[in-house]
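Sequences listed follow chains A and B, in order. Residues in the first sequence are numbered consecutively from 881, following the numbering used here. Residues in the second sequence are numbered consecutively from 7, following the numbering used here.
Among the clues, some could well be false.
Stated by the list, open to error - Derived pair list, reagent style DSSO-like, types lysine-lysine, alpha-carbon separation capped at 30 Å:
no., chain 1, residue 1, chain 2, residue 2
1, B, K429, A, K913
2, B, K553, A, K1025
3, B, K340, B, K170
4, A, K946, B, K340
5, A, K913, B, K295
6, A, K946, B, K295
As the list claims (entries may be wrong) - Reference excerpt, derived from the structure (chain A facing chain B, CB under 7 Å, subset only):
no., residue
7, T897
8, Q969
9, C980
These aren't lab readings, by the way, just hints derived from the structure by calculation. Note that this is a predicted model, so its numbers are computed, not measured. Just so you know, even glycine gets a beta-carbon here, dropped at the ideal spot from N, CA and C.
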Amino acid sequence: MDTTVALIVNGQRHTLTTDPERPLLQVLREDLKLTGTKLGCGEGQCGACTVLIAGQRNHSCILPVKDAAGKAITTIEGLSTGDRLHPVQEAFVEEGAMQCGYCTSGMILSTVALLNEKPQPTDAEVRSWMNGHLCRCCGYPRILKAVQRAAAQTRR
Amino acid sequence: MALQTEETADSIEFDSAMNRRRFVQVLGAGLIIAVGCGPVLGQDRGGRSGGRGGGTGTVSTRLHIGNDGVITVLTGKIEMGQGARTELAQAAAEELRVPIARVQMVMGDTGLVPDDGLTAGSRTTPSTVPAVRRGAAAARMLLVELAARKWSVEPGTLEVSGGKITHAASRRTLTYADLAKSGEAAVVLRQRIPDDVSLTSVDQWRVMGMPISRVNRRDLVTGAHQYPSDYTRPGMLYGKVLRPPSYNARLLSVDLAPAKAMSGVVALRDGPFVGVAALTTLLAERALKAVTETAQWEIGSHPSSQELVGHLRNGVQGGVPRSRFAEELAQAAKKLLAVYQVAYVQHAPLETRTALAEWSDGRLTVWTGTQNPFGYHGELTRTFRLANENVRVIVPDFGGSFGGKHTGEVAIEAARLAQAAGKPVLVHWTREEEFIWAYFRPAAVIDIEASLDAQGRLTSWHFININSGAAAVNTPYRAGKTECRTVSSDAPLRQGSYRTLAATANHFARESFMDELAAATGADPLDFRLTHLDNPRLRAVVEEAAKRFNWRERVKQKQPGTGVGLACGTEKGSYVAACVEIAVNTAQDAITVQRVTEVFECGAVVNPDNLVAQVQGCIIMGLGPALREEMRFAGGKMGNAAFSRYLVPCFADVPQLDIHLLNRPDLPSAGGGETPIVAIAPAIANAVFHATGKRIREMPIRLRASQEA
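Whenever a hint applies, use it, and build me the whole structure from the sequences.
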């Protein structure tokens, strides 16, 4: 049964009528047309659908929209400020850390969440944190460098 | 099923009422599709037939100069993460003498671009880069001649830089933008590209040869780039297709009524095709579930992956040939015979198959991800009996492919549903659909038999690849009498291209077997290879990799639980060698690749930044099928059609990488997105032998060689 759900996405409040069990990913992409968040697997295994909810990373492909109601949701579209990229986005650009780029939104948001929690992660901590994200182009080496570059910038 | 001798994929029979009606072909050659948005490009379709990427024709077929001086380059190639957009922009910028920022690429839109063939076989670099360069160089030449005529001076007295033509003596200048605004550029660019147009020599390159990262990188980090699955059209519905419960299943009956009873749901049956479309994915999923529950199937038998080796061997008509080098075998000081196996694997691009189809006045437009836009276009014109000009396939840069998206099934599904719904429909396959219904990299069984003389030199070489294909089936080694070939079999799964085709399977078998032969003669694997290797380019990468890895020292150090291995190879005009160091944990059945040194040579490097990324990607992607990836099936059902059960390489697998590009500015550029994958698996198998004394002849390489279904 459809209900009314209030979502706060990238600082904007949206009220919509939808099935409360619908995955947040589908609502973001289909209703709000925020397509930067990607469908990769639908089972929380690849990280392409990662969004931040109250600063914590979440797999939006398996999260019922009702569980995100009223909380601050950040998608890739909400990370930059006007023309100014977020430092993590900047780091991915600088390192050329993308091939097809389909995993990139999730990688970036997960990095933001990591640096919120641990501003100075070790290499092992970065690998362990990012390990739930798949890049089928296997551009992992540059993504690791981008995360470390972002961490170094955060420290400054 | 067809053998993989070149880029291919098994097509699906779309048996339907529509197909059985008489097909009337309407020739559309020379017609121009009206373009609703974007620049209006005065062009003919002169390059349509350039199936191998040569794309000739007029200059205006290839590029357009805007009034702002922006160069729009048109190509039938597509971007899937391999870097073609950037590399082709470099090619145009180089020859037109403009900064790369002034070039924009229009790729893979059959309504706008010339047919440059499939984006496959590493052909963009050797074929399409030169084609774009020729078009751009011709444009520069024609514009210079135009300026020379206007000023009544010799073209040779003019210089071009930054898109500006200068006559230094009279201090006169004209920009490309000036000539575009006056309309004169468009007129001269209607001329054909001369065959003998001269290209900038490598030592003069200013844009090519430079490490330039993705031209559209900003859109990739902001989420602004629209992948095919991100496209929407007004009134668009989300489509879902009924899949059989197993392979070899035939639909007996289905009831669409429960789905049609759902508000806003469109349901369609046309022969075996059954699909639904609805306003949201969730509603479409529910409608599909309702339909699925009514479907009755007749289930046929299907071999299991555990029976695969016997199935493929028995499926060879006339039996698998044995070595015909009886004399050499009889006189051999040593002879060896081995059988290698390679499992079926899936490409699993992160963006699954997607198509958005829209009908308007009998015309069909499809946004999709494919390496084969014109092939797709052909599939759609045939399926829906449309004239060429009434189908337009648009391929936005999409989320990975690796040889896996040559066929147009998802577009046909979307187009059928859109036709039935009278609205645009997007079909975006689920991960499970992609794992089960996309075509696979073919499994292989490979027989090798060889003989050696008393000096440890090969005297005969017999190499038979069953089922997987001919890429790199021939040995680069001096091997006496040789026979290398492929035989087809009864393939149980739909199969097709995968990054470097069968070259991975053939290299796995050959390079493992070379190690076995080295061991049989007591020779060092490096020495044994070099003894049999004449090709100087292949020798160069092997020697460089061995040196960088410190092979001669490392191979002598026997450390418990670790091993080193070496492999090399060549395919598609490029050369690769890899040395690896692994750790083995026999108790846990674990092989960890700790370090990889890989040397790669593909002629003159066009973009070292992108090439390193491709080599990294190949090595790490190659770890998957080398160590874990394998489709497991039984009773017609796939047992591991999910990322949770089919484990692709992840961050934890990334070894220490030492990648070295051997640049050869004196040689033509070859593609680099495929061949770097071929050495990693055999190098690992050889390292396992070094560590344990155990020869594993199967991919995936496991210490305990047993498959759990």
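Consistency of the hints with the structure:
A C-alpha spacing of about 18 Å is found between K429 of chain B and K913 of chain A, which places the hinted pair at or below 30 Å, so the restraint holds. At roughly 27 Å between alpha-carbon atoms, K553 of chain B and K1025 of chain A fall within 30 Å of each other, so this suggested pair holds. At most 30 Å may separate the alpha-carbon atoms for a hinted pair to count; K340 of chain B and K170 of chain B exceed this at roughly 69 Å. For a cut-off of 30 Å, the pair hint linking K946 of chain A to K340 of chain B is broken: about 71 Å separates their Cα positions.
For the suggested pair K913 of chain A and K295 of chain B, the alpha carbons sit about 26 Å apart, so the restraint of at most 30 Å is met. Proposed proximity of K946 of chain A and K295 of chain B is supported: the alpha carbons are some 23 Å apart, at most 30 Å. Restraint check, T897 of chain A versus chain B: the minimum CB separation of about 12 Å is more than 7 Å; hint violated. Here the hint on Q969 of chain A is kept, as its CB sits about 4 Å from the closest CB of chain B, short of 7 Å.
Interface restraint check for C980 of chain A: the shortest CB-CB distance to chain B comes to about 3 Å, inside 7 Å, so the restraint holds.
When the structure is compared with the earlier hints, violations turn up for hints 3, 4 and 7 and for no others.
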